[in-house]
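Number of protein chains: 2
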Amino acid sequence: MKSFKQMTKEELQEVKAELEKQYKEAADMGLKLDMSRGKPSGKQLDLTMDMLDVLNSSSDLTSENGLDIRNYGVLDGIPEAKKIMADILEVSPDNVIVCGNASLNIMYTLISNAYTFGVLGNEPWRNQGTIKFLCPAPGYDRHFAITELFGFELITIPMTSEGPDMDLVEKYVNNDPQVKGIWTVPKYSNPQGITYSDDVVKRFAALKPAAKDFRIFWDNAYIIHDLYEDDKDELLNIFDECKKTGNENLVYEFCSTSKVTFAGAGISAVAASDENIASIKKIMGIQTIGFDKVTQMMHARYFKDINGVKAHMKKHADLLRPKFEAVLKTFEDELGELEIASWTNPKGGYFISFESMSGCAKEIVAKCKEAGVTLTGAGATFPYKKDPADTNIRIAPSYPTEEEMAQAAKLFVLCVKLVSVNKLLEQA
Amino acid sequence: MKSFKQMTKEELQEVKAELEKQYKEAADMGLKLDMSRGKPSGKQLDLTMDMLDVLNSSSDLTSENGLDIRNYGVLDGIPEAKKIMADILEVSPDNVIVCGNASLNIMYTLISNAYTFGVLGNEPWRNQGTIKFLCPAPGYDRHFAITELFGFELITIPMTSEGPDMDLVEKYVNNDPQVKGIWTVPKYSNPQGITYSDDVVKRFAALKPAAKDFRIFWDNAYIIHDLYEDDKDELLNIFDECKKTGNENLVYEFCSTSKVTFAGAGISAVAASDENIASIKKIMGIQTIGFDKVTQMMHARYFKDINGVKAHMKKHADLLRPKFEAVLKTFEDELGELEIASWTNPKGGYFISFESMSGCAKEIVAKCKEAGVTLTGAGATFPYKKDPADTNIRIAPSYPTEEEMAQAAKLFVLCVKLVSVNKLLEQA
Numbered sequence: 416m417k418s419f420k421q422m423t424k425e426e427l428q429e430v431k432a433e434l435e436k437q438y439k440e441a442a443d444m445g446l447k448l449d450m451s452r453g454k455p456s457g458k459q460l461d462l463t464m465d466m467l468d469v470l471n472s473s474s475d476l477t478s479e480n481g482l483d484i485r486n487y488g489v490l491d492g493i494p495e496a497k498k499i500m501a502d503i504l505e506v507s508p509d510n511v512i513v514c515g516n517a518s519l520n521i522m523y524t525l526i527s528n529a530y531t532f533g534v535l536g537n538e539p540w541r542n543q544g545t546i547k548f549l550c551p552a553p554g555y556d557r558h559f560a561i562t563e564l565f566g567f568e569l570i571t572i573p574m575t576s577e578g579p580d581m582d583l584v585e586k587y588v589n590n591d592p593q594v595k596g597i598w599t600v601p602k603y604s605n606p607q608g609i610t611y612s613d614d615v616v617k618r619f620a621a622l623k624p625a626a627k628d629f630r631i632f633w634d635n636a637y638i639i640h641d642l643y644e645d646d647k648d649e650l651l652n653i654f655d656e657c658k659k660t661g662n663e664n665l666v667y668e669f670c671s672t673s674k675v676t677f678a679g680a681g682i683s684a685v686a687a688s689d690e691n692i693a694s695i696k697k698i699m700g701i702q703t704i705g706f707d708k709v710t711q712m713m714h715a716r717y718f719k720d721i722n723g724v725k726a727h728m729k730k731h732a733d734l735l736r737p738k739f740e741a742v743l744k745t746f747e748d749e750l751g752e753l754e755i756a757s758w759t760n761p762k763g764g765y766f767i768s769f770e771s772m773s774g775c776a777k778e779i780v781a782k783c784k785e786a787g788v789t790l791t792g793a794g795a796t797f798p799y800k801k802d803p804a805d806t807n808i809r810i811a812p813s814y815p816t817e818e819e820m821a822q823a824a825k826l827f828v829l830c831v832k833l834v835s836v837n838k839l840l841e842q843a
Numbered sequence: 416m417k418s419f420k421q422m423t424k425e426e427l428q429e430v431k432a433e434l435e436k437q438y439k440e441a442a443d444m445g446l447k448l449d450m451s452r453g454k455p456s457g458k459q460l461d462l463t464m465d466m467l468d469v470l471n472s473s474s475d476l477t478s479e480n481g482l483d484i485r486n487y488g489v490l491d492g493i494p495e496a497k498k499i500m501a502d503i504l505e506v507s508p509d510n511v512i513v514c515g516n517a518s519l520n521i522m523y524t525l526i527s528n529a530y531t532f533g534v535l536g537n538e539p540w541r542n543q544g545t546i547k548f549l550c551p552a553p554g555y556d557r558h559f560a561i562t563e564l565f566g567f568e569l570i571t572i573p574m575t576s577e578g579p580d581m582d583l584v585e586k587y588v589n590n591d592p593q594v595k596g597i598w599t600v601p602k603y604s605n606p607q608g609i610t611y612s613d614d615v616v617k618r619f620a621a622l623k624p625a626a627k628d629f630r631i632f633w634d635n636a637y638i639i640h641d642l643y644e645d646d647k648d649e650l651l652n653i654f655d656e657c658k659k660t661g662n663e664n665l666v667y668e669f670c671s672t673s674k675v676t677f678a679g680a681g682i683s684a685v686a687a688s689d690e691n692i693a694s695i696k697k698i699m700g701i702q703t704i705g706f707d708k709v710t711q712m713m714h715a716r717y718f719k720d721i722n723g724v725k726a727h728m729k730k731h732a733d734l735l736r737p738k739f740e741a742v743l744k745t746f747e748d749e750l751g752e753l754e755i756a757s758w759t760n761p762k763g764g765y766f767i768s769f770e771s772m773s774g775c776a777k778e779i780v781a782k783c784k785e786a787g788v789t790l791t792g793a794g795a796t797f798p799y800k801k802d803p804a805d806t807n808i809r810i811a812p813s814y815p816t817e818e819e820m821a822q823a824a825k826l827f828v829l830c831v832k833l834v835s836v837n838k839l840l841e842q843a
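Line by line, the protein sequences give chains A and B. Quick note: the first sequence uses my numbering, first residue 416, plus one each step. Quick note: the second sequence uses my numbering, first residue 416, plus one each step.
Derived from the structure by calculation, the hints contain no laboratory data. Be a bit skeptical, because a hint or two may be false.
Intra- or inter-copy, both count: the list cannot distinguish identical chains.
Derived DMTMM-like pairs: lysine to aspartate or glutamate, alpha-carbon spacing no greater than 20 Å straight-line [stated by the list, open to error]:
1. K458 / D483
2. K447 / D483
3. K623 / D582
Note that the coordinates shown come from a computational prediction; the quantities given were computed from them, not determined experimentally.
Just chain A, same shape as in the assembly (with noise of 0.2 Å):
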C-alpha cells in the first residue's frame, strides 16, 4: 500500500471511505478482548499447576535450616526460597529478602520508609521539601502512581534504544539533592522492551548522587523473561558495576515469579547492599511478622533451584512468542509501507510499543474500545498519564489467544489507519 503521507486529499478520502466501513463492520463482530495488563493466558498459568501437587498432607515441611515453615518465624525467607530468587538475580542468598506476592508492595514499601523514616540514617524524606523522581517514560505506570501518591514531583526521562536518556539521569541526579530516586525496567523494559546496554548500566553503577539518599529501583521484572533462547538480550549485573564503582548501596532490586508461576500467587524479592538488607529488615520486623513461607517452600520444591526456572520459563516462551510474532506481522504487513506508525520488536517481556503520528494514541485507543478491544489507557505510559506528543500505546499480547489476538491486532491497525487519515486530512 501507499504511504499515507505521499497521498494526495482525494486518495486519503477514498481511503478514509473504506476504512470506515470496514471499521463499522468490525464494530459489529462484537469483539470483546482485553489487552490492558501484562496478564499472562490461560494456558500459560496451567504451565504450572502441577506446583500444586509438590506439598500435601505428608509433606515434611521442615526448611533447610530445621524451621518448621508452618509457624511464624523467619523474615527474609527460607533459605531454598532465598537461594532460588538470588540465583535469578545473580546476587549472593544474604542480599535478598523474599517476599510476599507482589514485588509492587515491597517497592511501595521501601518509598514509604524512605519518606517516613528516611534512608540509612539521612533525614525522611518528608522533611526534605519537594521531593523529585526521575521516570524514564514511556514507562510502567504503576511505579509512576506510587511516587505520584507521595506527591513527588515526577521528571520524564526521556527512553532511548539503550535505556533512559543518561544525559539527562547525570544531569539530575549529580546535580539536585532534591532527586531521590528513579524508576527503571531495565531488561525487556515496560513497554518498550528495550535492554539497557551496558554503557547504560556503568552509567547508573557511576552515578555521583547530590543526594546521599537516593536510590535506582532496579525494577527487573522480566530478567529471565526471554522470548527466545538463542537470542537473548544480556544485561550487566548492576551490583557487579556497583561494586566497581563502590556505589553498592545505591541499588534496590526486585523480580518476582508473578510472571513465572502464577500471576497473583507468586513470591518476590529485594535485593540490596548488605547495609540496606540490613535497615530494610529492621523496619520490617515491625512491619510485620514475617511472609508466606508454605508459598516460599511450594515454589522452591517446585523448581528445585535456577535450572528448573529457566526450563520453566521456556514454555512461557513457546507460548507467547507466536503472539508477539502475529502481532508484529499484523503491523508488518499492514502498517509497515504507510509511514504513519512505528514500533519496538521485543526479544522479550510482555509489551510492544507503539508510537502513532503525533496527538493520534488517545483517539485509536477510543477507537479500539468502542468497537471491543480495550488497551492500556493512552498516556498511562507517562508520569501523571499525560504522553505529551500523545502518541505512545503500550500492545500487551500475552492474555488473548493467538486468535483473539489476531483479530485484535486487526481491529488495531484498522484504527490506526482511520485516525491517521483523519488527521492528515486535518493537516491537509
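With chain A held as given, fit chain B onto it using these hints.
Just chain B now, with coordinates in the frame of chain A:
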C-alpha cells in the same frame, strides 16, 4: 505451704537455701524451652496439614464470580474468602478486605496511611504535631512497636477485669485532639485473656473523639479462640454498637487465620465502614497488585464455611486446654498460698498473664532464661517495653509439648519463689 509474707527472716532464709538448691538442680538439667511467643505447637499445625490436599493440578481455580484466581485481579479478596472472614467477624462481606498472611501488616499499613495521607480527607497525622496513641497495658508488644516506630507518644491505659479503664480512655479521647488511636485486643486479650464487657464495648462505640481522625484498632485476633466449648466469653459486635451511636467510621477491626491454619501462611482481614473500606482500597490499589488468591481459595475450599472454621477451632482447643490447665494447676499448687503472685484464668486466647511482687518480673525472667526457659521479655507488654512496677510476665503455654510445659512451669514457679524470697529478705 505457709505464706512467704507471714514468714520470719529466719524462715525465709531457710526457704531460700532450699530453693537455691532446687534451682541449681533444675539448671543442671539443661532445659531448652521457648515460651516467648504465642506460637502454635507442631501438633496444632498438624491439624491443618490436609488443607494442602485441597488444591491440586486438577483443581478448577475459578472463583464464584468467574475469576481465574491464578491471574492478576481483585484487590479485596475472592468472594469465597471474603464470606468466611466476614462470618468470623460477623459483618457483611462488603465491609471486609481479605489480605495477606499477617494482619499486623494491615494494621501497620493503616497507621502508615493515616500518618502520610491522613484519615478520610483529614490532615495527615505527620502534619499534626505530636500524635498520641492509647495503649491498654499489659498489651501486645508488636502493637506498641508500630506506634513507637512512628514516634507517637504512647499513653499507658491500665487494664481492668472488664477491659481498658474506660474513664481514662474517655477522658483522653473525648478531650485531646492529639489522641488519634487506641490499640485493643477485645477478646481474650493479649496477655491477660480478658474479654471486654458489654459496658466497655458500648462505651467504645459511644466515644466522641476530639479528633475527627481518631480510630480504634480493634484487633480481634482471638475472636474464635475459645478453650471451653460450654464456657465461652461473649464479646459484643463493635460494629453493631457503632451503628446505634452513628459511629461506624470509628473502628478498624482485624483478624487472621494465623492461629487457625498455619501461623506463617494464613489469610487476614480488615473490616471497616463503607467509607473507610473505600478509602483503604483507593490507596491499596497503588500499594499492591492484590493479595495471594490461591492461598485464599485453599482456605475457603478447606473450611467451606464458618462452621468448618469453628469445628477446626475445637481441635485447637483440645490441644491447648490441657496446657493452660497444667500451668494454672502448677501455679495454684505451688504459689496459691504464698501471697507473692497472682495470675489470670483465661477462657481462650494464647496467654496467661502473671503478676509477681513489685520489682521482681525482670529477675524472674532472667532466672528462667539462665536455667534454659525463655519467656517473653519482662516489660514487653508495656509501651516502650517499660513495666513501671516490674510485675507483669506473659506466659505462652501453646508451643511446648505438655511434658515440656510441665517442666517449664515447675522451673518458673521455682524462680518466682526464689526471686520473691530474695525481695522479701531485702525488705526485711
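Homomeric proximity label, K458 with D483: Cα distance no greater than 20 Å: between (34 Å within a copy, 12 Å between copies)
How would you label the pair K623, D582 (within, between, both, or neither) given a Cα cut-off of 20 Å? within (13 Å within a copy, 57 Å between copies)
Which holds for K447 with D483 at a C-alpha limit of 20 Å: within a copy, between copies, both or neither? For K447 and D483, the Cα distance is within 20 Å only across copies (17 Å; inside one copy 47 Å).
In the structure shown, no violation is registered for any of the earlier numbered hints.
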